[in-house]
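Protein chains: 2
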Amino acid sequence: MSSRRYAILGTGALGGFYGARLQKAGLDVHFLLHRDYDWVRHSGLVVESPEGNFSLPQVNAYADVQAMPPCDVVVVALKTTQNHLLPQLLPPLLHEHNWVLVLQNGLGIEPEVAKIVGGDRVMGGLCFICSNKVGPGHIRHLDYSAITLGDYAPNYHPCGITERMQQVKQDFEQANIPIQLSEDLLLARWQKLVWNIPFNGLSVVLDATTTEMMASPPIRTLATELMQEVVAGAKACHKALPDDAIAKMLDNTAKMKPYKTSMKLDYEAGNPLEIEAIFGNPLRLATQAGASLPRMTLLYQQLQFLESRKIVLSVKC
Amino acid sequence: MSSRRYAILGTGALGGFYGARLQKAGLDVHFLLHRDYDWVRHSGLVVESPEGNFSLPQVNAYADVQAMPPCDVVVVALKTTQNHLLPQLLPPLLHEHNWVLVLQNGLGIEPEVAKIVGGDRVMGGLCFICSNKVGPGHIRHLDYSAITLGDYAPNYHPCGITERMQQVKQDFEQANIPIQLSEDLLLARWQKLVWNIPFNGLSVVLDATTTEMMASPPIRTLATELMQEVVAGAKACHKALPDDAIAKMLDNTAKMKPYKTSMKLDYEAGNPLEIEAIFGNPLRLATQAGASLPRMTLLYQQLQFLESRKIVLSVKC
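Those sequence lines, one after another, are chains A and B.
Take the first sequence: its letters are residues 1 to 317, numbered as in UniProt numbering.
Take the second sequence: its letters are residues 1 to 317, numbered as in UniProt numbering.
Hints should not be assumed to be uniformly reliable.
Because identical chains cannot be distinguished in the list, a pair is counted as satisfied if it fits within a single copy or across any two copies.
Straight-line alpha carbon distances no greater than 20 Å define the calculated SDA-like cross-link-like pairs of lysine to any residue that follow [unchecked claim]: (1) Lys310 / Pro217; (2) Lys79 / Pro91; (3) Lys310 / Glu212; (4) Lys260 / Leu306.
Just so you know, these hints were derived from the structure itself, not from any lab.
Work out the full structure: start from the sequences and follow the hints.
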C-alpha cells in the first residue's frame, strides 16, 4: 500500500473522480475546493459510475492551499482557463521532494508550471475520460478513465520512463485507473490533439455532436484534413505521429455514441473555452517551427470570435 | 424610349425591384411569378425605397412561361438554388435574337445557361443591392442598386464592351439603375467573390453581422486571409485582381451599418443557401487550375454541413 499523499487542485469532473477513486483505494487524498467547499466538507463526495457507484462521506476538504498538509503529488485538475491561479496556488504546496502532475488538455502548460515550481518537479498526464460534475461534490462518470502519463524536462525533452512515473502508475492502478506510460510527453500531447483539435473545435463552431459530424461527408473530409495538419504541426516540432492513426481514430469516432466534446459542454455551460491550450499553444509552437497550418488557424480564429462574443453577451446580461 | 421588351424570371427582392423600376421608366416588362402570382395579377407590385416609394397596380403577370410574349431580354433573377428550373423555363422564351441576362451571385452559371440557350445569347450581371421581399408583391429596397454588366462567350472568354451591353445599360439607366460595364465578366465575378466568400460564409457559420465580424481582430485577419485566397483563386484562372483592393474593401465593410448578408438572410429564412454558386463553382474552377485554397474549402465544408443539417431538420418537422 502506497504511503504517498495526494493533493487534488480542482475537485470537479476530473479531479473529483480521480481523487475519490484514489481515496477509496486507501490513499491519503486532500481536496482543494472553491465553490463547493462548504458542501463537500460536510457531505463529502458522491461518484456515480458504470464501474460502481460510491460515496465518501468524509474527505479532507480545503478552501485554501495554506491549510493543506505536505503532499507528495500535487495534481492540477483545474481547467487550463484557470491556470492564472497557479502562481498563487502552487508555491505554498511545494516541499522538498514533491511533484506536480498536470492533468490537463492541450500542450504548453508544463513549461508554465515549471516556471513556478522548477523544471524537475513537473509531470504531465492526458485523461481519456467522459465525466461530468452534476452537482456540488457529485460526479457522474460516464465512460473511460485511462491516463497517459509522461515526465517533463525543460523544453519537453523526452524523459523516458522514470521512477516517479512508475510510482504514480502504481497508485492509480491501485484505484483501477488504467495508466499508460509515455517516454515522450510532448509526443503524447500532440497525439491527443489529433482528436481534440478537429472535434472540440468543430463541435463548438457547428453546434454538433461527434455523430452528426461523422455522418457528414464534408465534415469527415475536413476532420481528416485537420488531423493531417496536426500531424504536420507535430512533425515540425520533431514529433513523428503515425499517419495511419488518423483513419483508425475516425473509425473509432464514428462508432462512438453521440458525444458532446468537453469544449462543447463548456460552451453550453457558459464556461471559458480551453482555446489557448488546445489551439493557441500548439499553433504558436508549430508555426514557430515553420509549419503552415491554415485550417487549424481558421478554427482558432472562429473560436476566438465565439468566445469573445460570449464574454460581451455575458457582460451585457 | 427603348422598345425592348423584358421578361423577369423571379419577381422577388431583386427581380421585383429591377423589373418594377424598368416598367415605371416606361419599358414593357413581363413578370414570371410562382407563389405570388394570384396576388400580383390582381394587386400589382409595391416598392418601398429611399429613392422613392411607388406602386404599379397593374403588371403583366404570368404563372407559366408558355403564356409570356416574345421578349428581347430574359432576366434570370431567381436564386441560383432554383437554377434546376432553367431547362424548363428558358427554352419556351427563346426567340430569334433575344438574350438571357443572368443576374445572380457567384460564378459558373452562365456556362450552364449557355448549354440551354446557346453560347451567344448569354449576358451576366452582378447586383450590388440591399433589397428584401417583405410580402406578396411587396419589395423593400434598402440601399444601393448598381449592376456590373458583362457579356458572355464560351469559357468566359472576355468579350469587351458589346453593343447589346450598351443597350441594356441604356434601358436600366433610364430606370435610374447605375450600370457599370465590364470587359471581362469572369473577372467581375471573381471581384465580387472577394467580398461574398468571407462575409456570406462567415456570417452564417458564426451567426454574425458584418459589424460584429469587423469588430473582431481574429475575424478581420481571417477575412483578409480568405480574400487573399479568392485573389489567388482568380489568379490561377488568369484573372488578375488588384491586391490592394482588399484593404479598401475591409475599410468599406467596417464603415457599413450592421448588415446581414444575403446568405445569412436565406439561412434565417430557412431558404436554400447559394453555396455552390458562391463556393463550390469557384473552388472547382480554381483548384482545377492548380490553386490550393484551404480556407475557402473549410468554409465550404462547414456550410455544406449546416445546410445538410437544416434539410434534415426540416424533413423531420
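Checked against the structure, which of the hints given earlier come out wrong? none
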